[in-house]
Structures are given as structure tokens and as C-alpha cells.
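Colleague: As a plain string of letters, each chain reads:
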Amino acid sequence: MLSKIVRTVANQLILFILIFGLYVIVHGHLTPGGGFQGGAVIVSGVVMLLVAFNSQELKKSLRERTLSIMESSGALIFIGLAFAGIGIVFFYNFLVGTPIFGRIPVTGPNPGDIWTGGVIPLMNLAVGLKVVAGLSAVVLAMALFSSGEEIEE
Amino acid sequence: MRQVIGLIVLLVVIAFLVSGMLLLIHPFGYPPSDMDDYIIENAQEETGSNNVVTSVVFDYRGFDTLGEATILFTAVTGVLLLLRTVKRKEENS
Amino acid sequence: MMEHVPLNFPFLAAALLVGISFYILIFKRNLIKLIMGIGMLASGVNLFLVALGYRTGGNAPIYTDVPEGPMVLPVPQALTLTSIVINVAVLALMLTMVILIYRHTGNIDSKKSRILKG
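Each protein sequence line maps, in turn, to chains A, B and C. With the numbering used here as the guide, the letters of the first sequence map in order to residues 1 to 153. With the numbering used here as the guide, the letters of the second sequence map in order to residues 1001 to 1093. With the numbering used here as the guide, the letters of the third sequence map in order to residues 2001 to 2118.
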């Protein structure tokens, strides 16, 4: 565990990193970004917390069961959205035209509208959830193995 | 002996790569682009998003993203399976 | 033929990265250096993929507030995204195996840790 200054600054900075990562995930269909890129930003914030605190301290907040449920639900939502348009083709964009996310933008350069995109923003959220849960479980397991603890079931 | 074979393989690979980059490839900045012209023209009407790269990743080529998500899931499962420590019970057998 | 040499610099840089990575993979024996060589090979391939789709004077392929002009090709960028994620997954598995090899045999030389016991 590092000194008190580092721990206090890490406690304050994790909120801004989380909000920036969520901004990159949610605006994936308007600006550069998307599911994989925003998930990598949030995982780098978790690594910063792992360096500032001990890995035994972090194991009390991020339990194994929570991360496993998050990753599996992300994968199931992605496959469910892929199979929902099976009437025409696999991976059909069935939400274009419906009022949920289905406005069509003006052709050519335009300032973006967030309610466009069809099924793409929901897929971005599912993939972002999967990447965050998977990579932070891997980093936590490597840190715990090197210090001699055991991972509970 | 292994050093000589390794040196010959390295020289063949480097010669093939450098000659390929100088003679066999299109000049830098003028790529052949028939499929990409169609995608740039029609991505806003068919998918409804402003970001053409995201619509290629999730709509025109969504099957590759499904395979990539499967690889990520399998790799995370493999790593968490290998890094398991069991407490050794100190018994006298 | 010689007038393509000043213009094809990104392709020559990618070929240089792949060539150095092949030298590392053939001649070095330390396991950590081999993993670094595989990472360098991944970087060379990603640079080659992105440099394939560049148009002279082009802008990013996003329609939000884009200036006038042609756009670069979007499909090689999508393939590079998939390649980066797959390389991260394979690198994580390789590093885990190096950790376990060090714990069981005690050294990270690839010639001395080739003995199957038991």
C-alpha cells in the first residue's frame, strides 16, 4: 500500500476516469470510440486502484461472483440482439425506423443526434460490460497469484 | 547447424518482404476501393449512424465481432482456470 | 522503380518491424524476450493494415462535423480493431504460462525448461 497522498488522489480520480470511459462507450456511434475502446479506458482506472491499494483490499470490493455475472450477461445480451432479427438475416438491424433508437440522420456532414443508430448503441453497451468484467478479473487474478492468496469459488 | 539454417530463413524472409513492398504493392495513397465507396455512400441511410467504422464493425461485418467476443471470453476463462492456488494441508501421511 | 521508394515509407517500416521480430524469434532463448518479439510482430501487422487504406488528403470516416474532401477507407480500420483485441487475449495467456513455468522449474530459459517430469 502506497502513501496517504497517493491513496487520496486515486480515490478522487477514479470517478472522472469512470465518467470519461462511459462517455466513450455511449457515444460510440457519433464520435470515434465504441465498446472495446471505452472498456479499455475503464480497465486502466481499475489498474490504477490496484497499484495504489493492496490487492487484498481490492478483493473485498470486486468479488468474483459479481464479475462473472457481469461478463456472462454482457455476452448473452449481445447474442440475444444478434438473434432478434433472424426473420430476414442473422445480425439484421431491426430497430431502424422504430421510435426506440431509430431516427435516420441527415445525409452529409451534420452535428450528431444521439437517438440514431438502430441496434448499435445497445451492442456497444453489451461489449463494454464484457470487456470491463473480463479484463479486470484477469488483472486481479494475476496480482493475487503473485502474493500467495487463494481465489474463492 | 541450427544457426546456419536460421540465418538462411531470416535472409529469405527479409528479401521477400522488402522486394514485395517495393515492387508488388500499390503506391501509397491511391488504394483500390470499390467496396469502400459503396459503404461510405450508403452507411448513413442503411444503418443510421454517423460513425462509418462502428457501422462496419457491428452491422456490415458483425459476424467477425461475434468471433472476437468468443475469443475474449475463452481467453479470460483459460487465464482464471490456470491461476488457481489451493491451500496445501499440512498432513503426515 | 526507384520513384516508389520515397513514397512507400509506411510499408517499409512495417516490413522492418516484422523482420526484427523474426530475428528475435529465431535467435533468442529467454522466454520474456520471445514474448516481446511476438508483441512486436503484432504491432508490425497492425501498422501494415492501417497503412493499406490511406487516401492522400483524406479525413477520418466519421460524418459528425467533417470538413470537405475524400474519406479514408473504413474496412481496414475495422479489421485492425479485431486484431488488437485478439493479440491482447493471446498475450495474457502467454504471460500466465510463463508465470507457471517459472514457479515449477525455477528458470525462464527455453532450453532448460523443456524436460517433462512424472
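These are calculated hints, taken from the structure and not from any lab test. Owing to the predicted nature of the structure, the values given are computational and were not obtained by experimental measurement. Check the hints yourself; a few may be wrong.
Claimed, not checked - Just the calculated beta-carbon pair ranges, DEER-fashion:
1) A/Met1 x C/Ile2084: 46 to 52 Å
2) C/Val2098 x A/Arg65: 54 to 60 Å
3) B/Val1013 x A/Met1: 46 to 52 Å
4) A/Asn11 x C/Thr2056: 57 to 63 Å
5) A/Arg7 x B/Leu1011: 50 to 56 Å
6) B/Val1012 x A/Gln12: 27 to 33 Å
7) A/Lys59 x C/Met2036: 38 to 44 Å
8) C/Ile2101 x A/Arg103: 51 to 57 Å
9) A/Phe94 x C/Ile2086: 24 to 30 Å
Unchecked claim - Selected chain B positions facing chain C (in silico; Cβ < 8 Å):
10) Val1004
11) Gly1006
12) Ile1008
13) Pro1031
14) Met1035
15) Asn1051
16) Val1053
17) Asp1064
18) Leu1066
19) Ala1075
Don't be surprised by glycine CBs; every beta carbon is placed ideally from N, CA and C.
Colleague: Do the numbers back the hint for B/Gly1006, that is, is its least Cβ distance to chain C under 8 Å?
Modeller: Holds, about 4 Å.
Colleague: Could you say whether the range 24 to 30 Å given as a hint is met by the Cβ separation of A/Phe94 and C/Ile2086?
Modeller: holds, 29 Å
Colleague: Holds or violated: is the Cβ of B/Leu1066 closer than 8 Å to a Cβ in chain C?
Modeller: violated, 11 Å
Colleague: Double-check B/Met1035 for me: the hint is only fine if its C-beta lies closer than 8 Å to a C-beta in chain C.
Modeller: OK, holds: B/Met1035 within 8 Å of chain C, min 7 Å.
Colleague: So, B/Ala1075 near chain C? Judge it on the closest CB pair being under 8 Å.
Modeller: holds, 4 Å
Colleague: Should the hint that B/Val1013 and A/Met1 are 46 to 52 Å apart at their CB atoms be regarded as holding?
Modeller: holds, 49 Å
Colleague: Would you say the C-beta atoms of B/Val1012 and A/Gln12 sit inside 27 to 33 Å of each other?
Modeller: violated, 57 Å
Colleague: Measuring from beta carbon to beta carbon, are A/Lys59 and C/Met2036 in 38 to 44 Å?
Modeller: violated, 30 Å
Colleague: Would the stated hint for B/Asp1064 survive a check requiring a Cβ distance to chain C of less than 8 Å?
Modeller: Holds - the Cβ of B/Asp1064 comes within 8 Å of chain C, reaching about 6 Å at its closest.
Colleague: Taking 51 to 57 Å as the stated bounds, is the beta-carbon spacing between C/Ile2101 and A/Arg103 within them?
Modeller: Given about 55 Å between the Cβ atoms, the range holds.
Colleague: Does the Cβ-Cβ separation between A/Asn11 and C/Thr2056 fall within 57 to 63 Å?
Modeller: violated, 49 Å
Colleague: If I claimed the Cβ atoms of A/Met1 and C/Ile2084 lie 46 to 52 Å apart, would that claim hold in this structure?
Modeller: About 33 Å separates the Cβ atoms of A/Met1 and C/Ile2084, which means 46 to 52 Å is violated.
Comparing the model with each earlier hint shows violations of hints 1, 2, 4, 6, 7, 10, 12 and 18; every other hint is respected.
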